[in-house]
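Protein chains: 2
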Amino acid sequence: MAELDTLAVNTVRCLCVDAVEQAESGHPGTPMGIAPVAYTLWQKFLRFDPADPIWPNRDRFVLSEGHASTLLWSLLHLTGVRAVDPDYEVLGRPAVTLDDLKTFRQLDSRCPGHPEYRWTSGVETTTGPLGQGVATSVGMALAGRWLAARYNQPGFSLFDFDVYALAGDGCMMEGVASEAASLAGHHRLANLCWIYDSNRITIEGHTDITFTEDVAARFLAYGWNVTTVADANDLAAVERALHSFRAETERPTLIVVHSHIGYGSPVEDSPEAHGSPLGPDGVRAAKRFFGMPEDQDFYVPDGVREHFAQGIGARGAELHASWERLFEGYRAAWPAFAKETELIQRRELPDGWDQLLPDFPPDPKGLATRDSSGKVLNALAQRLPWLIGGSADLAPSTKTLLTFGGAGSFQPDSPLGRNLHLGVREHASAAVTNGMALVKLRPYWSGFLIFSDYAKAAIRLSALMEIPAIHIFTHDSIGVGEDGPTHQPVEQLAGLRAMPGLLVFRPADAGEVVETWRAVARLHHEPAALVLSRQKLPTLDRSVLGPASGVAHGAYVLADAPSGAPQVILLATGSEVHLALSAREELAADGIGARVVSMPCWELFDRQPREYRDQVLPPSVKARVGIEQASTFGWDRYVGDRGTVIGMNTYGASAPLKQLLTRFGFTPERVARAARELVEAGPS
Amino acid sequence: MAELDTLAVNTVRCLCVDAVEQAESGHPGTPMGIAPVAYTLWQKFLRFDPADPIWPNRDRFVLSEGHASTLLWSLLHLTGVRAVDPDYEVLGRPAVTLDDLKTFRQLDSRCPGHPEYRWTSGVETTTGPLGQGVATSVGMALAGRWLAARYNQPGFSLFDFDVYALAGDGCMMEGVASEAASLAGHHRLANLCWIYDSNRITIEGHTDITFTEDVAARFLAYGWNVTTVADANDLAAVERALHSFRAETERPTLIVVHSHIGYGSPVEDSPEAHGSPLGPDGVRAAKRFFGMPEDQDFYVPDGVREHFAQGIGARGAELHASWERLFEGYRAAWPAFAKETELIQRRELPDGWDQLLPDFPPDPKGLATRDSSGKVLNALAQRLPWLIGGSADLAPSTKTLLTFGGAGSFQPDSPLGRNLHLGVREHASAAVTNGMALVKLRPYWSGFLIFSDYAKAAIRLSALMEIPAIHIFTHDSIGVGEDGPTHQPVEQLAGLRAMPGLLVFRPADAGEVVETWRAVARLHHEPAALVLSRQKLPTLDRSVLGPASGVAHGAYVLADAPSGAPQVILLATGSEVHLALSAREELAADGIGARVVSMPCWELFDRQPREYRDQVLPPSVKARVGIEQASTFGWDRYVGDRGTVIGMNTYGASAPLKQLLTRFGFTPERVARAARELVEAGPS
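Protein sequences, first through last, are from chains A and B.
As numbered in full-length UniProt numbering, residues 1 to 684 make up the first sequence, in order.
As numbered in full-length UniProt numbering, residues 1 to 684 make up the second sequence, in order.
Calculated from the structure, these hints are not laboratory results.
Check the hints yourself; a few may be wrong.
Part of the chain A face toward chain B, derived, beta carbon under 7 Å [claimed, not checked]:
(1) Val424
(2) Phe633
(3) Gly634
These figures come from a predicted structure and were not determined experimentally.
Ideal placement from N, C-alpha and C gives every residue a C-beta, glycine not left out.
Just chain A, same shape as in the assembly (with noise of 0.2 Å):
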């Protein structure tokens, strides 16, 4: 048995090393030194059908340090794991086959540079950028406590995955680690398993010149199981520290694996082995060292796959049935929580979801729409059990704590909380909440808007992962007021605008917030970003108003000239559509009839029909202007040519914020006049 445990390993890195060689690109090292760590992993502990890599109570396996990706291709190859749609159906074919290796970081190659979410089955969350999967962990462990706690029952205990993470130094030096290890620590979460692979080796050298801190200590500060394995290549040392985390109880654990980057090659323990292929000589230096067959590329030795069969091939079809037989006997017990969990796992809404969605009347006075979200979001979770999350220590200024009977705080001695308290951990909050959107709950966080950029690498990841992550942002501009340029986004609409694959929602009143929150309930595959004032905004009276419900097509007309052929067309979001709309009523005092547009989503509005987008925006229509509380930059595409926008060039000031209107110039006068000299220049 030992035999084929060593034949498996040499097996696993052997393919890494033809996988990067055959590419001419990649990283041999980390997957030669770690191998061992990662095969005892999958072979003996991991609960996870190879038939079924999407089975709800799955244990999760996150390779943090994504580089080392061949390491994952080659498990699932080795295991036959089947290919799925990520997250309703299993297709059958193999997730990845031999060719499939040999086609590493070919274009549509199965088997990219970095693990792909929704590319590849048995990936659980994409990885590279370094930190955001042991990040990431942690949310999926946050929402497994969760679903324990709610789903569980006497006798069913239908949610007890575990979470595992390996990673690397340059992992465990990202902030975003430390932030969600704190949380973890805090958490107390002890399904949560990072393996932290240190080889010591970064690519500008032995980690001596920079990292020099004592990572178990720093994780016993943190309120971690700290356990070391002093050599990778110690099998029964790795199951050793696996069991102690299965052991524990209280906390979660961190597996210190002192390991050689590249083992086995003429390069290992230096740099050289991290990022380039060994070359010819070198794989051949490797493949003796392993006792493999020197001039076989791709080899699979008779037995090795038969041996993972027999081990996690076995094991997983074990548990995921029987688990299958508890879900029968759960759901004859408890229906309607038999019913959620099938509802969580395809994304679906349960009936009636909307029910209780507010409806705000028109009030001049009005309400922040961050105020307006708060009731909304509160009425959704309601009737949205598995809609949970929090805030990066702002919940109070957010409004994004759910205050209804049973909401309370989800802590580790109240799993069944729904309001996680993320603390000052924008970055990890981020990550946290993609994590839990991976195992299917509809997860939020809210900050404030310029702390997006903290946050921002998490953030493109769920849109990378087209996975219904939601992002809450308020103090949206310059209408923050006092608190100054540090606290006042300027450009961060635009850079969120720019990210492929997020929505962007700046809803204008309190009817926009609910249309708002409508759309983003209804997403399966898009994170969503709502962009939220701080201040008060006049509730509009949707009776002499366009719907608010044209926020489902991103932008729409919200009021029109009179003769219904405008002059000039007044475009704006959030905030400025208030302004736009006075802008409007001097010019009509002037006899110039303009239209105004409300662009919530410009990305939403992108995706209409030409005859859609002409009908709000008529080509003919050529004096546009653009008002928007943040940078100018991208708004051309919408005015033109002719058009002018009125927004932030700078950076803001500290101030009450009708002062910040004047010396910004953000007034009905200046954008009436705007307007005035467009439509008096005539078409040029």
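Please build the complex by placing chain B on the supplied structure of chain A, with the hints as guidance.
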């Protein structure tokens, strides 16, 4: 004396309370709790001359918990700090008058909501976004180390300043602070002291709800000296702790101070004390508690200003005067070095700084702009000794290693080194770079463009502060190739370009790289981002093309239509300039005259007089094709209504570059086709 200390502390507290009350906005609780510590530090330890707050060897005080800005405003007022142009000149008037304090958070007040560098003298760095101040302080301490290593001589301890940062629970939770603390520990920065104002209260409540790690143990793990003050009001204990920092010679120091937010007010120890005025009753109760007259606002008791004058004032004046005497001797003994330190203070370049800049001969094969940039950087660094920097563990890839004789690695035992190893810590890398720039070195850091996302918040601060930090980003597009979409930037360029005050350069060839660096070296008050290719790019033959000096104008005509009257304009940056040139050839073969405009820096182009801009992009030529391997977001400004953009509107893919160029349409044929279609369509 002890009584005067207490009176001074309470004066500070009440000024803070009154300023917030008057503004009806702000954060009274933190200053009330931590005032005794800030007072003790300023009055008894800080080597700072209020009469010259830019004295180069002053200790730096960073208010990382920037929301407590009134604490700083009060101290600046009471110690009589003079106003300065923050870079160059003492202006003489007070930095903060009592009237300024009374206009806290009003438009144009010297006392804005958060400390803003270059706006109020005595502010060493802009703070507010949590974690940034402490991370920046590490850069200041590193710069201090380097200055000492280069300029101190036997008998001339020219630079021996310390750096203090006052931080709250929020700062301690932020990942950027963790990254920076780990780096500071590695560098054994005994000149760095963080004071952790541990009041255990954040906006959502007690830190118990999310932040239960052992911070002291964590910092010990980073290699710090940690000491604790049990009660912020125990001035003797605070003094002892600060002495222990001064006595420590091997490690940075963390002083954990247990404090009470809103101390002395009815909302003491509650989140309500954080971000709202106390209200009239609360103010009166607090003043009563502190034994101050309840009905006097902005009250400075007799003797308090004099007390500060005798403490920090007298000490600072003496230290400064003795330093000036020292410097006179130094100037005589070490004139060349003395000259350098003066140039540094005025952000000036030494004579001959550009003498070694290379000239790259035309070469169709060429080299990657990361490679040419590496060569230029090395040439520049040899003549500009205080150009120092490093990489977030990617120097071999970003080519930013200084390799000339004597450059060396910056390490605890070799602080003269020019190469910092910043580790896989992008966010701290940018913040540390800001810190070094604030001490007026010319620092840079490098990483892959995709990882600019991690560092976004710190890059923004360099722009907001108007400091010439240099951010070097390579691997700038799908040109990254096999690493795939996690590593291929798409929206990063748009996000950086939308940031006010940041100059973003994407040079097309080695010639433009030289001119980019020439422009960047001369910057005084603007940060720059260099965006460079991983892949080789031809070095253009400038004898037949427009001169690379056009970089200084942001955009320029690289190649014109044979007739000089172009039918179509091809606009491109970086690697796509070469694509544009190829397409131009194709079009010429079809008899279509195309102009190629290289646009390495949009921001500089936007600043040119309209005449120049119209010369480069004649308004009459409406057939325009923008080409960039990045999000098309923002391009409409240049291509106009009738133009088209060939860019990325999705994420990339893992594949060799050639396959990606075809897949995503970056081929001369497609560009030529797009141009031809526009020309054939004629004016609309």
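Against chain B, with CB atoms and a cut of 7 Å, does the hint on Gly634/A hold up?
For Gly634/A, the interface hint holds, since the closest Cβ of chain B sits about 5 Å away, which is under 7 Å.
Measuring from the C-beta of Phe633/A to each C-beta in chain B, is the shortest one below 7 Å?
4 Å, holds
Interface hint check: Val424/A, Cβ to nearest Cβ on chain B, cutoff 7 Å. Holds or violated?
4 Å, holds
The structure fails none of the hints (numbered hints given earlier).
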